[in-house]
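Colleague: Protein chains in written order, with UniProt numbering: chain A, 1 to 359; chain B, 1 to 359; chain C, 1 to 359.
Hints may contain errors.
All copies of an identical chain are treated as equivalent in the list; a pair is satisfied when it fits inside any one copy or across any two copies.
[To be verified] Here are the simulated DSSO-like pairs of lysine-lysine, each with C-alpha atoms no more than 27 Å apart in a straight line:
| no. | residue 1 | residue 2 |
| --- | --- | --- |
| 1 | 334 | 118 |
| 2 | 83 | 240 |
| 3 | 152 | 240 |
| 4 | 271 | 334 |
| 5 | 183 | 118 |
| 6 | 271 | 4 |
| 7 | 271 | 118 |
Keep in mind the hints are simulated off the structure, nothing from the lab.
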Amino acid sequence: MSTKNIIFLILLLFIPISLAAHFLEWGELIVFITAGLAILPLAAWMGAATEEIAVVVGPTLGGLLNATFGNATELIIALVALKAGLVDVVKASITGSIIGNLLLVMGLSMLLGGLRYKEQTFQPIVARVNAASMNLAVIAILLPTAMNYTSKGINEQTLQNLSLAVAVVLILVYALTLLFSMKTHAYLYDVGVADIEEAEEEPHEKPNVLLWSCVLLVCTLLVALESELLVDSLEVATSKLGLTALFTGVILVPIVGNAAEHATAVTVAMKDKMDLSLSVAVGSSMQIALFVAPVLVIAGWIFGQPMDLDFNPFELVAVTVAVLIANTISSDGKSNWLEGTLLLAAYTVLGFAFYFHPV
Amino acid sequence: MSTKNIIFLILLLFIPISLAAHFLEWGELIVFITAGLAILPLAAWMGAATEEIAVVVGPTLGGLLNATFGNATELIIALVALKAGLVDVVKASITGSIIGNLLLVMGLSMLLGGLRYKEQTFQPIVARVNAASMNLAVIAILLPTAMNYTSKGINEQTLQNLSLAVAVVLILVYALTLLFSMKTHAYLYDVGVADIEEAEEEPHEKPNVLLWSCVLLVCTLLVALESELLVDSLEVATSKLGLTALFTGVILVPIVGNAAEHATAVTVAMKDKMDLSLSVAVGSSMQIALFVAPVLVIAGWIFGQPMDLDFNPFELVAVTVAVLIANTISSDGKSNWLEGTLLLAAYTVLGFAFYFHPV
Amino acid sequence: MSTKNIIFLILLLFIPISLAAHFLEWGELIVFITAGLAILPLAAWMGAATEEIAVVVGPTLGGLLNATFGNATELIIALVALKAGLVDVVKASITGSIIGNLLLVMGLSMLLGGLRYKEQTFQPIVARVNAASMNLAVIAILLPTAMNYTSKGINEQTLQNLSLAVAVVLILVYALTLLFSMKTHAYLYDVGVADIEEAEEEPHEKPNVLLWSCVLLVCTLLVALESELLVDSLEVATSKLGLTALFTGVILVPIVGNAAEHATAVTVAMKDKMDLSLSVAVGSSMQIALFVAPVLVIAGWIFGQPMDLDFNPFELVAVTVAVLIANTISSDGKSNWLEGTLLLAAYTVLGFAFYFHPV
Chain A
1 MSTKNIIFLI LLLFIPISLA AHFLEWGELI VFITAGLAIL PLAAWMGAAT
51 EEIAVVVGPT LGGLLNATFG NATELIIALV ALKAGLVDVV KASITGSIIG
101 NLLLVMGLSM LLGGLRYKEQ TFQPIVARVN AASMNLAVIA ILLPTAMNYT
151 SKGINEQTLQ NLSLAVAVVL ILVYALTLLF SMKTHAYLYD VGVADIEEAE
201 EEPHEKPNVL LWSCVLLVCT LLVALESELL VDSLEVATSK LGLTALFTGV
251 ILVPIVGNAA EHATAVTVAM KDKMDLSLSV AVGSSMQIAL FVAPVLVIAG
301 WIFGQPMDLD FNPFELVAVT VAVLIANTIS SDGKSNWLEG TLLLAAYTVL
351 GFAFYFHPV
Chain B
1 MSTKNIIFLI LLLFIPISLA AHFLEWGELI VFITAGLAIL PLAAWMGAAT
51 EEIAVVVGPT LGGLLNATFG NATELIIALV ALKAGLVDVV KASITGSIIG
101 NLLLVMGLSM LLGGLRYKEQ TFQPIVARVN AASMNLAVIA ILLPTAMNYT
151 SKGINEQTLQ NLSLAVAVVL ILVYALTLLF SMKTHAYLYD VGVADIEEAE
201 EEPHEKPNVL LWSCVLLVCT LLVALESELL VDSLEVATSK LGLTALFTGV
251 ILVPIVGNAA EHATAVTVAM KDKMDLSLSV AVGSSMQIAL FVAPVLVIAG
301 WIFGQPMDLD FNPFELVAVT VAVLIANTIS SDGKSNWLEG TLLLAAYTVL
351 GFAFYFHPV
Chain C
1 MSTKNIIFLI LLLFIPISLA AHFLEWGELI VFITAGLAIL PLAAWMGAAT
51 EEIAVVVGPT LGGLLNATFG NATELIIALV ALKAGLVDVV KASITGSIIG
101 NLLLVMGLSM LLGGLRYKEQ TFQPIVARVN AASMNLAVIA ILLPTAMNYT
151 SKGINEQTLQ NLSLAVAVVL ILVYALTLLF SMKTHAYLYD VGVADIEEAE
201 EEPHEKPNVL LWSCVLLVCT LLVALESELL VDSLEVATSK LGLTALFTGV
251 ILVPIVGNAA EHATAVTVAM KDKMDLSLSV AVGSSMQIAL FVAPVLVIAG
301 WIFGQPMDLD FNPFELVAVT VAVLIANTIS SDGKSNWLEG TLLLAAYTVL
351 GFAFYFHPV
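Using the sequences provided together with the hints, build the complete structure.
Modeller: See below:
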């Protein structure tokens with residue numbers, strides 16, 4: 001058994017611990033931390049199960065599965081938080097996931113990969129198509145904020161309508177992106193797939209779909225469950241730590257929700273498979289911008305928890321900054337340790353800013 | 001006779017209809033729509049006449065002609081609207097033309113071209129020089145807005161002076177751009193010229209300058225005339241449709257004014273002549289930013305209709321967004337249907353935003 | 001003796017003249033102008049002395065010397081101004097130096113180089129690493145401004161703390177940039193070094209370290225001295241000229257402080273050594289953003305002259321614009337006269353804006 005799996009099994013112990021902490025009232029802070037730790041292995045296994053099932057059901061259906069469940073953990077946490085009325089935390093976690101994937105995950109990958117290999121290369125074509133989609137998604141998501149910020153006196157209903165319209169456009173674009181990458185221009189992405197297969201650590205047997213489906217189901221249920229604990233304890237716990245809802249949403253929640261992507265991206269970068277590493281980092285933020293965010297807007301509308309796309313203006317600044325610097329660094333198809341460091345420095349500086357940001 | 005010409009002849013019927021609608025008072029909405037339709041064939045023939053004359057008078061003078069009359073329709077509509085005091089509509093139509101050319105025209109070209117050809121290529125060098133000029137122009141045009149927005153309490157006269165100074169710089173830059181593309185670095189643009197000649201549908205005879213000059217003159221007069229009808233009926237007609245002046249200026253007016261470019265760019269893209277297609281789209285928005293906009297500022301100053309470059313801040317956001325996404329997509333010298341779709345999606349989302357925008 | 005040195009010797013006469021003007025009270029304006037002129041040759045010789053010493057002490061220590069003393073003139077002027085409490089002028093001179101290097105110096109180099117050579121090329125790799133570092137630095141420096149602007153009611157202490165945290169990150173990044181360019185990836189920069197050696201006008205003898213150290217010391221002292229005169233007379237002199245502190249800081253001070261870089265960059269560009277020319281221009285603005293600005297923040301904190309990184313929002317716009325347009329133009333590794341003109345036009349337009357800017 002790999003060390004990774006041993007760590008995961010130990011982390012699983014936090015499921016009963018977090019439940020005990022909740023029912024025996026050990027304090028919100030302990031519930032928050034233990035629930036956060038318990039989610040980590042569940043998220044990783046959900047990812048693994050999705051990929052195993054995807055192998056069996058074939059590329060098209062498998063791609064769809066991956067595209068839908070790839071950010072399942074974040075989606076579940078966000079839906080639970082949305083139902084609980086924590087709209088600001090949900091919004092902040094969207095921008096935080098985008099920033100975290102583009103700066104923290106990509107930065108760590110380029111830094112640790114770059115410490116081993118002097119220069120690493122990747123397909124600039126795919127990087128560019130992704131960058132263009134990201135740009136569009138980020139623009140679309142932040143448009144209501146920009147509109148609200150530049151003209152005083154827009155009523156809530158207008159913002160809600162605009163947000164819904166944007167959400168529908170984004171889901172359509174997401175579907176077309178899948179069509180592009182899986183059907184009409186699949187050949188551009190072939191390198192990545194080869195890498196994924198190579199990257200598997202053990203020789204590959206035909207996976208047992210039934211078994212993995214059960215794993216997926218159980219993990220999904222447990223993540224929902226633990227998300228409730230996480231969300232319920234979130235407000236009290238973070239205020240005890242002296243953190244604002246903005247900082248929690250932008251920095252803390254995405255680190256928990258994206259831990260699996262972090263691990264994968266960094267691991268493959270250290271094996272010089274930068275194409276795969278970047279497609280995990282950028283792909284994940286694309287999924288959040290093009291799929292998770294619009295789904296949450298529509299879900300909020302259905303739940304009667306009006307969730308528009310009117311973010312804190314400083315989030316707009318932060319996401320724009322993250323996208324611009326990630327574009328500059330990834331557009332030439334090469335990376336080195338300094339570029340990784342620059343991304344991490346940008347993340348650190350943004351982290352400071354969100355820490356000091358009032359409200 | 002081509003189907004295009006048949007459609008144009010039918011559309012010509014709207015000239016008498018619009019006049020009738022005006023004098024017999026059939027209602028502002030009908031005047032507005034019929035005048036809009038009547039302008040379409042006139043604009044197309046003005047373009048054709050300019051190009052025919054350009055062939056005869058030689059590349060230098062011809063280039064100048066094209067550069068000056070290329071956006072004549074828009075310029076005429078804008079001048080008429082400016083005289084009528086519709087300063088906000090004029091300003092909005094400037095940003096709208098830039099956005100429309102970069103997102104709608106380029107997007108449609110890449111989408112329809114991309115549905116036929118898996119991947120289309122174009123000269124990235126020309127794309128870059130154009131992108132740099134566009135960036136400068138957009139920056140210059142939007143600087144007064146940014147200045148006014150970031151510091152409260154700038155008086156109108158200061159904005160007017162700054163706008164005039166910017167206009168003079170832009171016209172100088174425009175002249176230098178022509179010098180660059182027609183004299184010192186004409187060889188970079190050769191491919192495009194070859195394409196233009198090839199793109200002509202019928203075998204080319206020596207055009208009759210006198211005839212085409214008459215066509216140009218007559219069309220110009222008729223466009224002026226129809227522009228008056230369009231502008232006079234604009235405010236009442238659009239408020240009947242429940243549209244704001246901003247939406248009308250940014251979305252409706254540019255679609256009418258740029259219809260000819262739309263048709264050309266899309267047609268040649270479907271023949272895999274992407275260099276020509278892009279140079280029409282980007283060239284047209286360059287002309288607007290570097291020539292039409294400054295001319296309007298100076299004209300406004302002469303007319304005593306003070307027209308500064310202080311746009312609605314959201315227009316600044318929209319143009320910046322359009323330029324950034326167009327740059328990202330065109331900088332690699334390749335296009336496919338997804339990239340076209342992304343541009344169109346960006347246009348759609350901006351369209352929604354302007355539709356919902358109050359004021 | 002070269003004409004350059006003759007001019008410098010004549011300019012040296014302004015040292016006694018400026019002192020006389022100060023003590024005999026000839027008026028603040030004369031003190032300001034003569035002190036400004038006196039600084040020019042001193043700055044040039046400080047640069048020359050640093051480079052000569054750098055050759056002897058070896059690449060590593062020499063690189064450090066260059067990196068630290070490269071912008072010594074500006075640093076000294078800024079420190080003197082900071083001590084005198086002219087915090088706004090100091091801040092403005094930081095943004096002004098970045099804008100001036102990226103637009104004015106790079107623009108003049110590309111224009112004058114481009115008038116001689118149809119197309120000039122340079123290493124896009126180095127340009128990209130520099131661009132990425134610049135982007136990060138600019139983002140970091142402007143983050144407190146963006147934060148303050150997007151959320152009303154941030155107290156001064158918070159801004160001060162954030163600025164200090166950002167300053168520490170930037171100095172670390174600067175150190176890592178030096179490590180990258182001098183140790184781990186020095187080979188990328190080799191071309192530049194070869195050019196520097198070639199660019200020396202006279203055959204190179206082993207320089208006399210002791211002599212040059214004395215030159216460095218004397219020049220440094222004199223620059224400090226003249227900076228006092230410049231700073232003391234600055235407020236009265238510029239208000240006599242009808243200029244605001246913002247315009248003085250953004251446009252006038254950087255032109256004096258960066259005159260040496262201007263001369264070098266343009267001279268080598270006219271010899272078709274664009275790599276060196278760009279590395280002077282971009283390198284100088286990188287040093288200001290990654291080293292001078294953070295040092296000033298920390299110095300202000302030590303002096304008890306709280307200097308945060310909260311700039312005028314329009315400075316944020318101007319720097320963003322300068323970085324974006326410089327990136328677009330330099331990212332393809334080619335330049336021509338039109339690109340130089342575009343940079344200069346952007347500088348002109350920004351200059352107008354700062355001239356008309358109230359406050």
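Colleague: Is the C-alpha distance from residue 271 to residue 118 at most 27 Å within one copy, between copies, in both cases, or in neither?
Modeller: within (13 Å within a copy, 33 Å between copies)
Colleague: When Cα atoms must be at most 27 Å apart, do residue 271 and residue 334 count as within-copy, between-copy, both, or neither?
Modeller: Intra 15 Å, inter 30 Å, cutoff 27 Å: intra-copy only.
Colleague: Up to 27 Å between alpha-carbons, please classify residue 183 paired with residue 118: within, between, both or neither.
Modeller: between (35 Å within a copy, 12 Å between copies)
Colleague: With 27 Å as the alpha-carbon cut-off, assign the pair residue 152 and residue 240 to within, between, both or neither.
Modeller: Classified as between: cross-chain Cα gap 25 Å, same-chain 35 Å, threshold 27 Å.
Colleague: My question is about residue 83 and residue 240: at a cut-off of 27 Å on alpha-carbon distance, are they close within one copy, between copies, both, or neither?
Modeller: within (23 Å within a copy, 41 Å between copies)
Colleague: Which holds for residue 334 with residue 118 at a C-alpha limit of 27 Å: within a copy, between copies, both or neither?
Modeller: Both. Shortest intra-copy (10 Å) and inter-copy (26 Å) distances satisfy the 27 Å Cα cut-off.
Colleague: As a check of your reading, is residue 271 near residue 4 (CA-CA no more than 27 Å) within one copy, between copies, both or neither?
Modeller: For residue 271 and residue 4, the Cα distance is within 27 Å only inside one copy (16 Å; across copies 55 Å).
When the structure is compared with the earlier hints, no violation turns up for any of them.
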